[in-house]
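Two chains, each in its own frame: build the complex with the hints.
Each chain, written out:
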Amino acid sequence: MSGTHVLNVDGQLAARPSGPGHLHLLLNRGSEVFAVSRGGPEVVERRVATEDEDEALNEAARLTVDRLRAHGLPAELVSQRLNRRKIDLIPEPEWADPPKARMAELLTAVEARLRRSGFASLTDVAAVTLAAAREAGLSDPRITSDVKHVEIGLTDKSDSARWIMRHLLLDGIAPHDVLIAGDEFGRVGGQQGSDSLLLVPQVAGATAASVGVEPGGVPEGVIALGGGPRRFAALLDDQVRRRRRGELPLRNADPEWIVTVEGFDRTLERAHETLLTLADGRIGTGGAPLVGNSATSPRVLAAGVYDDEGAESHLLACPNWARLGEEADPAGPLLRTLDLRTGLLFEEAGSRLRSVRFSSLARPGTVALRIEENDGPRLERSPLLLPPPRRQVRTGESAGRRWMSVAGKHGGVVAAAAERVRGAKPRRTERFAAYESDPANRPDPARAVAGLRAAEDAGFEQLLREHRRTFGRLWDGADVRIEGDPELQRDVRFALSHLMASVGESGETALGARGVSGAGYRGHVFWDTDVFVLPFLAATRPAGARTLLEYRVRRLSAARAAARALGRSGARFPWESARTGRDATPSHAHLRTGEVIPIRTGELEEHIVADVAWAAACYLDWTGDEEFQRGPGRELLVETARYWASRIRVDGDGRGHIDRVIGPDEYHEAVDDNAFTNVMARWNLRRAAVLAGGEDAERASWLHLADGLIDGYDEQSGIYEQFAGFFRLEPLVIEEVAPRRPVAADLLLGPERVRASQVVKQADVLMLHHLVPDEVAPGSLAPNLAFYEPRTAHGSSLSPGIHASLFARAGMLEQAVDALRLTSRIDLDDLTETTASGLHLAAMGSVWQALAFGFAGLRPQGDALCVDPRLPEAWHSLEVRVRFRGARIIVRIEPGSVVLTSDAPVRVLVGPARAPVTVSSSGSVRVTREEMRWEEVES
Amino acid sequence: MSKVLAAIDNSVAARPVLSAAIAVAELLGVEVEAVHASEDGYRTAVAAAEAAGVPFRVTETPGLLGLIEAAEGSEVTQVVLGARATRDGPRPAGHVALMLARSVRKPLVVVPPDVPLPVRLHRILVPLDGTRATADTLAATVRLACRSKLDVVALHVHEPAALPLFSDQPQHEFEDWAREFLCRYCPHPELVRLETRVGVVGEHVLDVARGVGADMIALGWSQQLDAGRAAVVREVLAGSSTPVLLVPIGAGLEPGRGAQPDVGHERAA
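These protein sequences, in sequence, are chains A and B.
Take 1 as the starting number for the first sequence in my numbering and just add one per residue.
Take 1 as the starting number for the second sequence in my numbering and just add one per residue.
Hints were generated in silico from the structure; no laboratory data involved.
Predicted model, so just to flag it, every value in this text is computed and none were measured.
Careful, some of the hints might be misleading.
Here are some chain B residues pointing at chain A (derived, C-beta under 10 Å) [unchecked claim]: (1) Pro187; (2) Gly199; (3) Val201.
Simulated coverage check for chain A against chain B, where a stretch passes if three residues somewhere in it have a Cβ under 8 Å from a Cβ of chain B [claimed, not checked]: (4) 26-33; (5) 521-532.
Ideal Cβ positions, reconstructed from N, Cα and C, are used throughout, including at glycine.
In isolation and in its complexed conformation, chain B is listed as follows (with noise of 0.2 Å):
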């Protein structure tokens, strides 16, 4: 049976988590299952779990190890856990949270601690950067998202050095170009919004996700958090008031299909 794993500890960050596994658990149509690894006592995390009505068990290995073993279950299919234990909590993460979303290759909600609970999913916003690695690797939240009637908001922020050779007649020039990279970049373009911005990523991911009312964002990403690498999804973890999704390049997010790759679509030329 595939679940939502929830990853909690005694923190207050314990019930977001839970919420957001909950609703993104309802959205897959799976069940959701919360862990806890701490070498230092569980009674709190067991009534948060408890309290939200989640079955909850003890990783058999404590610490990052036994979070890392419980993710990698075959019937995972996805992980949500905490960004950091309090509001001031180090940025972009937490050791842990950093280290599973580098160490697991399955899609991970970071769930801020002050989130408005309980969560709720009816917007989902995902930046695109116009590539199709990126495309393939959100293809499927999108899809899932189309499904369940949430509102996608795609984001493709233009960066200077990336700007476009011409712009004929704006009243056009956008209502066309939007339209074909809906098609290159979404598996249902006629039912994404897409915006777009000029300038830094990351800045505008976050202004963008407050603007629309997003209540998660999707970002695809490599896994890589070595010095500058990355720096869209540090800085989105870093001041997101919403659940970050992060999926790994190649990975997806349906049911069943949490570890399969989502690319090859396309046939040698």
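Chain A on its own, in the form it takes in the complex (with noise of 0.2 Å):
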């Protein structure tokens, strides 16, 4: 970074590097980038005054020299470089070109001089540049100076700073992995100087050191090493030196960005080892320590990939690539430190060993591990890859390279894994591995070998720099920031950073109840993936939704079936999916009573069908991706409503029925008229008779058939029964007999006091609020939460996140963050006591559905984004990204109003009354609350 040209700087470096890294030269005061490479410079980013801008640089230079003139200083002005005004001070020939050894004399003649017409110091000087430059009509004037003279611009060093971090943190690159060196930190006549401008807040946590004289000291955090240009190669050479020698990353610490579990409990090391999961959308590795022992249990999971058939199908346990070694007692210290920005686990067992790992998100299948071992007895080294307890493997070789696979009953997962030593003291290891997996069959061990190959041809550092980069580009369309609750944001973060690395972005991803992160609910897919997790994903990254709906879309034939098989038109997809699509859910479940029950979920759950289309719908709405429409997604919504129109049944009154269902209160089983299937299948069916295509006839008759369902909505208190004859149940409010929420009621009172009165699992009316708030009467939010949140258990981890959002539209701010507080905590507490099995992924879709849907009030509406905020006290402010009809935009709420900012044109309607606002291609908008008015504050 340089406040001077590009010839300049390119003269004197002329750097051509043809190596994996960047150079980029931030030029002119900030308003330049280049990007070097072996044909010279480029252009990257140049900003460019305009005509009214340039003017008013002129008028204030012009304005300036007047004024210093008048107080007897000669100073006159010299250049006027793209986007700023230089004026010379001391324009005598002594001091044409001082060296900057001689930068003590130059201040101590320039502040003689400055003395002379009147002026204390710089200082002075900059504020009578400043006044003039306001003056002249500059709205953010950056005066600058360099002792011999005083700028004025429209950017200067900060400018660089920032494109830098951000342009760094779309390679994954956070501060703490920035070494910033200058040589002019410290302040210089009174003025600060120059490099200290490059220490904006987004640096914050880099590492910041001088190599000038700096005869005024530097400022705080800045370390101060002299030594010049020289030392300033030295320290590059010192980063290329690490680099060769395959140190490892630096660990993050910003308490914001990471998961930290120090030390060993026996009790928590599986849930511990669940939370600290590395997956990139084909496989998930638990985070065990690298040596194990009795407690730990290693895994690896690949998504989509079952053993055994139906309800006693789950995922295949696959060979373990991030295991060392064994010893019977965990025995020292052991850090273990989840970098969520990041996806690289550091594991640190004192001194005696450090490592980091990762699975590739750029390469989906390909894992790598560097470990850095010091003195101290050696360890007696695993095979590269272990074969998962109790299971028949087949190991080979090819290429000279090993492998081991798996197999289930259809499916199988095949692993190759090599090592390569770096260096002897410390002893440094790298390790590769790369995964085929495939549902139907066994895979080829020669795919597994080509991939570990190219990993290997790749080398670590060129694997770690592409998975950074994935990851930041990620967090770049999805982070949600909330200032003014760190824990809660680092929470956040958490549950964010295990849903990106869950589901990849090509073919079919079978997103089970906790993706690859555990083999609980044997990987089992049910509504949590279609209402729970792909929202986030619709709303962020599209092609990672699109293949959670291709895998619904590759199982109609098998929904088809299902329907045919009961009477019945179109396609029922079923409440548990494995590999076919047929109804996987188990027959019976024993409950902690020690009471065995029938399960009825898989026969009367059927709220799914209508599920299943929302996806499709929320995708739709979202993306407005017309092929999907006009291919499989219009295929999804048409067949679900055709099987509704089989379902419903019409009475004489020519009222619509659904008998027999099980709604989301799974409490109730065998319900008649469930408000939620019903009003979702009534939306089921307008939705698909609006799109284009198909029988007049039909679409006709499904609207007939949607305006004819019974939805219990009583107009008069303004609540939906939840479904015929709940007001007749017994009364009883759960909030006030519990002794605690959430509680699993059917355990507290028993199964049968449930059903039998109007205690709630979870939300059920109160879902349709959430999910299809235009199908539910107008107004009815605050009289159904009241009466149905006193009275729901929340006994399902997916209910306090939905009742987050409903609190926050409802203005019930306090009662939403504290929802929201104990969703976001439910694995990191483990509070189901089975975050060993995996990662509750609805759960933390639903955290962040309260914060975009519920806080921050978005919800597309037709080709507008709607935003109505609801900011707590607490919280300065609350900024979410996401990607609406392709546009990139960032809603960022403050207290009373919100500021849009986009890469596309798009329409916002904002508040409750939708007020609309056009926000420009890369322009920013910010609506204040009053009136709802707007004013455009950049562009």
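Written as structure tokens, this is what we have:
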């Protein structure tokens, strides 16, 4: 970064890099960015002043020179470079081009002249210049001085610092990975050193060092090295040496971006391993220590690869690549840190062993580990790949690489691994592995070996770089920032990080309730995926959402067969699904009461049919993907609508009923006219009817059926009856009965009592207000929230997040934050005592939904995005990043206003009155709450 | 030489105690010795011991003190004694049994007088309260039982105040939770069956013991019998028709490790 121009800098540097890194020149005091390659510098970005700004700069310079001269200081305008004007304060031949070594002398000379003109210091001159600039019409003038000159600019080095930090973050490089070196941080002549402008908030956490003389000392936090250009070169050489030695990257210490497990807790170890899972959308590796013991549970799982069939189908355990050895009892210190920004897992076993590993988002199926071993007894190494417990494996060698495969009844997984040593003291080792998985067939080992060789050829640094870049770009489009609640901020990022890592971007993702973070729920796919996880992806990473939908699309034929088997039309998606798309719901369950009960969700929890349709519509609403709408999306919506059309019973009065179902409130089984099921079916019919194509008569019949469908709404009270007869049940308010909530009310009161009472497991009627607010009566959220929430046990981990969203919409922000906080801690605090079996991805999805839909009030409406924020008092701001119809939008909510930024033109409807705002390409608009007026503040 | 000490008197409880002691000693692979500390003659006890083929001795010190001294012998792995002299005797247990249980930091088997003879150990019920202390205390018992190919049934009773917050899909939830519960609190999770109940612990321990046909119930306890303490131990001792193994928190069961603490696996975080 330099204040000067490219010819000057490139003339001196003459760098023509050809390696894997990047060299950027940020020049002209923050106005230009060049990328340098073999062919020389090329402009990446240039800030060009408008005509008005140029005139204002000229006027500011003229005013400044006039005023300084009026004081007797013979100042001269000496250059009119890009976006700035430079005024010489000492235009004398002796000081025409002073070397930096004469800086102190120069300062003395300038100050003597200033004093003669009545100025106490350069600060006074800067004040005169700033006043002149403002008078000339510059709203944000940047005044700098190198002692000899004073400059008026539109930009300065702080712009360079912001640009490079944003660029680095996109590459997944956080401030703690950044070294800033300069030679002018300290104050000179009362003016802050120009390099101090680099220390913008975005670089907090970076290491800053000065190699300059710094006569006035350096600001706090900057390391004074001195030594000039030689020391600067030595610093760079040192970095290169570290890279060549294969040193580990620095461990992130930013508490808002890391999850740390310190020590070894035998009781919680397996839950900790789940929290530290690394995943890439295809495979997931638990965060067990590299050196394991009997309390650890190392595991690798592949998405969509099951063993067995039907209800017994479960995720196939895969060969493990992340085990170095075993020890009887854990001894010595242990620290594991998951960097949420980059998906890097750091492990430190005191000074004995340090490592970093990751599962490449850039190359799903490829994993890498770098280990640094110091003095101490040499660990007896396990083989590179370990078979999963109690599982037959096949092993072999191909092209000099070892592979190991496991097979289920249909599909299988093969892994190939290799290791290489990079140094002796400390001993540094790099391990690579590549996985190939196939849900239907045993994959060819040669493919895994080819993947491994490609990883080896790329090398650890390249793999790390591309993985971090992929993660960095995901965060750039999906981060949620909460200022004012750092703990919640970290917990939210924990959820988002795992959601991002759980889904791929091509083909299909069979996302079970626990993803690939654990074998829990046997890897079966529920509405968790369609309704809780998918919205986050639809609004931030459409390609990922599309893979979830593809899972349903490819199982349409199974859903059609299921409908046919019941004598119905269309497609009936199963409550639980695995490889085939046929129902995989177990027939019975053990309760903690010791009872064994039949499970009827597979037979009766049919709202899943509309949930799948809703997911398709959600994706369409956010993306506007016309190809999907014309093709598989339409098919999903139409086939599900056909199912409902054949499922609804029309009575003699022409009213439609759906008999014998289970709603989201699974405490009540085989109920008639469940409001959630009926209204979702109604919405499904209407949504399918408005799609182009199909027979008019069929569409008309859907609309007719939809209009006649009972929904349980009572206009007088404004309350929906959850199902026919719900109001006649024992009016038990669980809020008053339970010692606390959430509580598994069926265990507290017994299934019979719960069935006979108005105790609700999770949002049921209220789920409608969350999913399809346009399908429920206007103004009905408040009365239904007041009625149902106290009756809700929140005995499902899906419940609190949705209620956080609903509370926020209802303006009950304290309850909303409490519910959000609880949801965000479900796995971090192992509140279910089942986190060892995997992360609760649906709850994580509901965390995002509470923030985006609840607090920010985001919702697509046709080709416009609605924003209707509710900001808790304790939060200084909330920033949500989404992608809507191709535009990347940042919604920043501050007390009393919203700032909208977009990289493409987008229409936004703000506030409850839906005040229309158009955000232009690369523009920002601030909308204030009062009167919902808006003013453009930057474009 | 490690041994199991069978504390007998002249009551009808002597035979069940000796039978239980023999069964436990077989499990541990140690000898049995019968001791008598009564001050009013011991011909009945001698006869019972002889009939069981168990060596017999009279403690030097009479009464409870003599039993305590005998039990604290370094070679004694554990102590077996009668809950009460007769079926209608005091509940939860007789004075001597309670005092011995409180005083000796070793595993103690309390045998009801009406236990079916001979005592056989095929299935052991291990109530676990979901704490590290209890799990560690009973870990050696579970290990030994698994090694000896006994059926081990663990029991966890959710008390109403400690019910789980969430129970999402019962068809999966129990499976996942139970697997993890056993991993956390049992040394051989794959060999142990878990039963769970909701309600009052003591009642369920007895019900489940009957239901699964347990030959012994193993309880970890703090050796505190003050009012309000050890409610489960009191209830189980009072109502159990099978021998009850009481393991003081921190005491194990394996031969030679009788008085060794079995905690401290965890290293400091």
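(request) Enumerate the violated hints, using their earlier numbering and listing them in ascending order. (result) Failing hints, ascending: 3, 4.
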